[in-house]
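Student: If you're matching them up, the sequences are chains A and B in order.
Here UniProt numbering is used: position 724 in the first sequence is 724, and no number is missing along the way.
Here UniProt numbering is used: position 19 in the second sequence is 19, and no number is missing along the way.
If you are wondering where the hints come from, they were derived from the structure by calculation, not from laboratory data.
C-beta: ideal position from N, C-alpha, C; glycine also.
Misleading hints may appear alongside valid ones.
Mimicking BS3-like on lysine-lysine, the simulated pairs with C-alpha atoms at most 30 Å apart in a straight line are [said to hold, decoys possible]:
1. A:K812 / B:K106
2. A:K622 / B:K106
3. A:K686 / A:K995
Covered stretches of chain A (chain B as the covering partner; in silico rule of three or more C-beta atoms under 8 Å from a C-beta of chain B) [unchecked claim]:
4. 371 to 385
5. 717 to 726
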Amino acid sequence: MGTENPNRPSFPARPAATPFAAGPQPTMPFLSSGPVVGSQASGFRPTPSSTPQAAMPFLSSGPVVGPETSGFRPTPPGRFSDPSLPSVPSANAPPTLGPFQRFTTPQNPSTAQAPPARPLPVGQPVFPPPVQPPAGQVPPVSFRPQSQLPSVPMGSPPQSMNSAPLRANAPQPLLDSSFSASRPPFQPSFLPPESTYPAARANLQPSFPGYPSKQSNAVPQAPAVQSPFLTQQGGYAAAPPTSSPPFLAQPGGYIPPPPVAAPLGLHSREQMQHPGTGPPIGAVQGLIEDFSSLSVGSVPGSIDLGIDSKALPRPLEGDVEPNSFAEMYPMNCHSRYLRLTTSGIPNSQSLVSRWHLPLGAVVCPLAVPPDGEEVPIVNFAATGIIRCRRCRTYVNPYVTFTDGGRKWRCNICSLLNDVSGDYFSHLDAIGRRIDLDQRPELIKGSVEFVAPTEYMVRPPMPPLYFFLIDVSLSAVRSGMLEVVAQTIRSCLDELPGSTRTQIGFITFDSTIHFYNMKSSLTQPQMMVVSDLDDIFVPLPDDLLVNLSESRSVVETFLDSLPSMFQDNVNLESAFGPALKAAFMVMSQLGGKLLIFQNTLPSLGVGRLKLRGDDLRVYGTDKEHALRLPEDPFYKQMAADLTKYQIAVNIYAFSDKYTDIASLGTLAKYTGGQVYYYPSFLSIIHKDRLRHELSRDLTRETAWEAVMRIRCGKGVRFTSYHGNFMLRSTDLLALPAVDCDKAFAMQLCLEETLLTTQTVYFQVALLYTSSSGERRIRVHTAAAPVVADLGEMYRQADTGAVVSLFCRLAIEKTLSHKLEDARNSVQLRLVKAFKEYRNLYAVQHRLGGRMIYPESLKLLPLYALALCKSTPLRGGYADAQLDERCAAGYTMMTLPVKRLLKLLYPSLIRIDEYLLKPTAQADELKRLPLVAESLDSRGLYIYDDGFRFVIWFGRMLSPEIAMNLLGQDFAADLSKVSLYEHDNEMSRKLMGILKKFRESDPSYYQLCHLVRQGEQPREGFFLLANLVEDQIGGTNGYADWILQIHRQVQQNA
Amino acid sequence: MGDLMSWLLSFFFHGSLVGLIGYQLMCLADLEFDYMNPYDSSSRINRVILPEFIIQGVLCLIHLVTGHWFMFLVSLPYLYYNVRLYMRRQHLLDVTEIFNQLNREKQLRIFKLVHLIVLLTTSIFWMIWSIGGI
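Let's have the full structure, built from the sequences with the hints guiding it.
Tutor: Laid out in structure tokens, this is it:
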């Protein structure tokens, strides 16, 4: 970038103060939006040359900053911001800032940016014409409803300086007027750098055809203008008060100079994100620009980082589901079912190769439908399900009827199919079927078809739950057995499938115990098999019984189970043989096998040994073997289980190593799930186990399912990631699947050039419902084909990208070192940003700024969080091997929303809410995950979706602690559990916790209480999870951004 | 005469190896085009993998014993690769990951096939040569 600037030579000089004087210029680079600016720029930018300089210094300073910051890092004790030091940055920088102080607020930068944008435009001769029409300016804004463009020049110091000068100029409207006149002079000077411009533009244009809907929204004039410029123009035009609507459209939008800015609604989002900062908050986003940017240079002479860490983007409002996609294609299925990593499908191989992020989708076929909606069930009965003859696509809203309604054209393979007599309907004047409103499959993106007998290879199976329970000494002692028995018993009424449900039990220690539960018995009969080498099932029929018929026997069994093994002193575990026995019992029907495992398998096949203790293995080529199943028995068993439609859920409880890596394999290939309760103790973990087990047993489950995702010609899904087994190249076998499971897949282009305008995706899940009906759930979505990389970035969906990143990285840990997996994430991130920079940097001359698409502004943060997540973090000592593997298996199935929450948990301060009688729970807001967010007078909840950590500040008023903890408030918090006390505050807290839990019912968040300074618990529960901080040699957020930025700039 | 016998032997062994590899490739292709499910495909392939390794080992031995140094050296890398796979217990196809490994496994076998066909033609050549030499 820097090279482009004419002024560069001067740059070495970079006296700290000078840049500021130049004020306006530094921003210039951003001006890229040029067209608009051109005219204005003339007025206010006297020294064009100086601009580049200003920017440059920041760049150069970057490296210097690094070391300083590190030294500067607060020591742990210092980390908690005392009330006295509310704003970190200001505290750090004081001396240097002197001159700037007025400007320091991030917001100013924004103002600065707006003006700068103009210069570039000037450069281009081509532009002026389209730009000039004043009317045209506004429309362009609406054009890009998605916030792609907003540049995020957050709180960059340099900018702030500019602001002052700018303000003087501020009245942009005026600038406009000068517009035409001023422009000519500028153009010549800028031309050289922008020579590349036209080329870029050319690329951009083609993308439009793909977006019919967008265009329609846009003002008529807009289409004529090239997209990048349009947006820019829009930004510019926006400056005048009149343009307010456009701003709304863009959340990230452009912020006019301070005085003007106030009225705009745009800010709101940014402001919320950075509660700490003043109102003007650094989020100046120029519509002007097609991207977000972040200045990463340091203020010369300051000790602090060049990055205003408060201005960095953070997902403090949780995952924002992409909706541009839905607006464009209203008949698409909801994004909770299907999310594409980018809704702009590239039209050529070369484009794919420049898109360094994963290209694919995340599918959660049974996600809970949005409130108030239901997936309509369609029964074609006599007609049979309408599908394309050739590609077998199901009828969907995007098929077109022709020939008076006698034929329909498949949207995926464009084959003309006949409409069967029963399904025939006349078409109206515009070619729509007149019975459209009675045909949900033709108007809804998600429907469920009732499948006729052709879709069955056997009669639909009943819901079947089989329990394989470890009853060895440690299982009994930890209380696991008792909780499990109680929970199962309490769920018997709610098991899906009413009278069809089947149930069975096997328990094991060093022998295997079968239970005859025949309905005619009053008590279950126990049969013990101790020959582990040659397993046989003693009683083929009555081990698996109908629950409603044998209800009383089952209840008797569950009631007596804990006492039966109360005195068991057996330490061994014949897990492998027991698993085989369970498999033999279940293989007739399939179903769900719940394994409760407490002792490392030690007898018979599938014996496992202790491993993972060897510190020296880490960092060597053998490291990954620790995360793979040790014994091929488990993989083979998993394959067999899937073949017979058996899904395995593992509940592992051991306080010692239990080789989750091996056990989890069973869940991985059978569509199951791993629940890990390290050092289970019933007094502590009872609630969690009870909640999760009962959810597992009672949630709606789809049985013996297969899933396939079809897509239009020229595109093909190549790899699938998640817990399932592939039955053929594109068919996922899922013995049981439910709303908590998501699957990711990557796609590639089969043809070098896509000729279609739209690509359609159709997810079809064929399953047996608990009621015994065979059903097909079909989700259909359309996505435009684009010819321009910028458009792909604009349409990108961070959540889906992160989800794929995460799965790819975890898979990589199975064949490589942890470090390699982390590096690959970073590498892809850098590549992607580099490509993006190449796209815009030249024309915009961005000097030392980091630029990234608005749509992916959170990607660096999530990537950082991913590198610090349990499966990937650190090395030997940073996480137990079992925890790593369990987290890995869990993260491979998580739907996008929950994954993002796990990666960037919420941290909420609640003491004020508890104290204020009138406060509403809605007012609670998330804080950035840095130690500075923790005020020693506060009370905080940390919630990652899997557990709560309640952090008591050292100076928290004793009244609160007393109210919440009762008599225990001074005790060791590791032994205190939270329960409701009879006072308002305690009720309120429990109310909050309950609300949080209800918002995410798939796991139970156990409460951990932690007091400030209470090591090592505090470090373990909270401090190690503050992803923005530097922890044990990892990067902090600001450093990470700097590092990424530096790498992006290398050979840029 | 002894030479002819050894070349004949080498010819038949090579022929059978080509057959085994071809069979594995066919199974993989069937799997790819969905004519066969992964369970059948992997079990069929796994059934012939050990025989393939053994035949190849014996062949190397024959070359060594009969003093065909060049042929022995050319087959050595193949033998080494097989032994290494076997020692690491990675010689069998993994049914659960078979689709992810499909391309690699296919390329591997195509490579082996080419290698074997080259050796097969050489042994045919030497066989005919030694017939002429009688």
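Student: Are the hints correct? Go through all of them and say.
Tutor: Here is what the structure says about each hint:
With a C-alpha separation of about 22 Å, the suggested pairing of A:K812 with B:K106 holds against the 30 Å cut-off. Between A:K622 and B:K106 the alpha-carbon distance is near 26 Å, which keeps this suggested pair within the 30 Å criterion. Simply put, A:K686 and A:K995 have alpha-carbon atoms about 20 Å apart, close enough for the 30 Å limit, and the pair holds. For the region 371 to 385 of chain A, the assignment as covered by chain B is violated, since 0 residues bring a beta-carbon within under 8 Å of that chain's beta-carbons and 3 are needed.
Check result for the region 717 to 726 of chain A against chain B: holds, 3 residues qualifying (beta carbon to beta carbon below 8 Å, three or more required).
Hint 4 from the earlier list is the only one contradicted by this structure; the remaining hints agree with it.
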